[in-house]
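Novice: Letter by letter, the chains look like this.
Number of protein chains: 2
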Amino acid sequence: MDRAPIDFWFDFISPFGYVASLRIDDIAARHGREVRWHPILIGVTVLKVMGLRPLMSTPLKGDYIAREFERYCRKHGLRLARSIRDPLMDPLPVQRAFAWLIEHASEHALPFARAALHAHWHDGVALDVEAAIHAAGSAAGVPHETMREATSDPRASPLLRAEVEGAIARGVFGSPYFIIDGEPFFGADKLEEIDAWLRSGGW
Amino acid sequence: MDRAPIDFWFDFISPFGYVASLRIDDIAARHGREVRWHPILIGVTVLKVMGLRPLMSTPLKGDYIAREFERYCRKHGLRLARSIRDPLMDPLPVQRAFAWLIEHASEHALPFARAALHAHWHDGVALDVEAAIHAAGSAAGVPHETMREATSDPRASPLLRAEVEGAIARGVFGSPYFIIDGEPFFGADKLEEIDAWLRSGGW
Chain U
1 MDRAPIDFWF DFISPFGYVA SLRIDDIAAR HGREVRWHPI LIGVTVLKVM GLRPLMSTPL
61 KGDYIAREFE RYCRKHGLRL ARSIRDPLMD PLPVQRAFAW LIEHASEHAL PFARAALHAH
121 WHDGVALDVE AAIHAAGSAA GVPHETMREA TSDPRASPLL RAEVEGAIAR GVFGSPYFII
181 DGEPFFGADK LEEIDAWLRS GGW
Chain H
1 MDRAPIDFWF DFISPFGYVA SLRIDDIAAR HGREVRWHPI LIGVTVLKVM GLRPLMSTPL
61 KGDYIAREFE RYCRKHGLRL ARSIRDPLMD PLPVQRAFAW LIEHASEHAL PFARAALHAH
121 WHDGVALDVE AAIHAAGSAA GVPHETMREA TSDPRASPLL RAEVEGAIAR GVFGSPYFII
181 DGEPFFGADK LEEIDAWLRS GGW
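Chains as they are written, first to last, in this note's numbering: chain U, 1 to 203; chain H, 1 to 203.
Calculated directly from the structure, the hints in this document are not laboratory data.
Careful: at least some of the hints might be erroneous.
Identical copies go unnamed one by one, so any copy, or any two together, can satisfy a pair.
Straight-line C-alpha distance at most 35 Å; calculated DSBU-like pairs for lysine-lysine [said to hold, decoys possible]:
(1) K75 / K190
(2) K75 / K48
(3) K48 / K190
Model the full structure from these sequences, guided by the hints.
Specialist: See the structure below:
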């Protein structure tokens, strides 16, 4: 692991962020890279910074994206309890807990994020209630006391805000978003290109 | 050519539409398919129907898309006189001529579109003046009298409008956009997936 890690941003409410999370670590490892996972809030970037509508309520594009996601899932053999067409949950509680773990118990951050994404998309669990977030922590082997702090410490909110502001300052606006040696890649359908980029050293 | 043709929509002002136009016919031919080229006006779909901002003036995304396009061009060895960061031309004159040719001189429509795209993106020519449109017609071997009609017949405008309305009715919102046996694909970075889809018969 002598080369710089890959930075990967995702939002728990982003279906393409979820499916990318299932593959990016393996792709990176194949090329001797680690992946640093980061939270992003697409509600902030898309609505406030970019001034756009929510993707799924954008005429024409919402329908298209749903079909594209379902095609992606068929191709990769993913059977999810949650549909891309389901109403969004509030991502703040789980993103705050994730940001807290990154800062205060970093060894637990990634297992927690994986378990929470799995609970939300694969199992269909809404993560906007504390019990569901604690259950994801348990599934990931995070000590209960640590999860309790992650969901109750008022410092979690400014930690998340700092993460999101830092991401925006680097140009990050969506989920999944990757920066590799300064080069940005947006979207789950960039994973093949990322693989080729890492193999060849870029172009 | 016993299978249904692929429908392909593009706007002359769309850089990703241009680069997709360079590859879609070869990909289709490899799988025994023809391609039907259609005009779309992304100014209408993006701004009016979808209610979004112009892509290149969307904060964060504009910068990202420019980098993605330049990376695409490096990968595919494209050296273009026009940059994605250049101001847009008015696409209506050339799209109207294209729509007229599709209806009244269909054998010339595709050669004209290819020559016009090449003039605009490869050579950096603005196609919002009649002389430039006629020059693209000449380069494509379209008789001068035919081009004169294509750029002066008042029926060109309603023909284009009908094409765009028909496209929107089918869900088309961007450039490039493809429909293959009822399945929609958006973006130049879907060409590899389209190739795989045609090879395998879909999934």
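Novice: Does each hint hold? Answer for all of them.
Specialist: Hint-by-hint comparison with the structure:
1. K75 / K190: Both ways: K75 and K190 sit 15 Å apart in one copy and 14 Å across, limit 35 Å.
2. K75 / K48: Classified as both; 34 Å inside a copy, 33 Å across copies.
3. K48 / K190: Both: 25 Å inside a chain and 29 Å across chains, each within 35 Å.
Violated hints: none; the structure is consistent with every hint.
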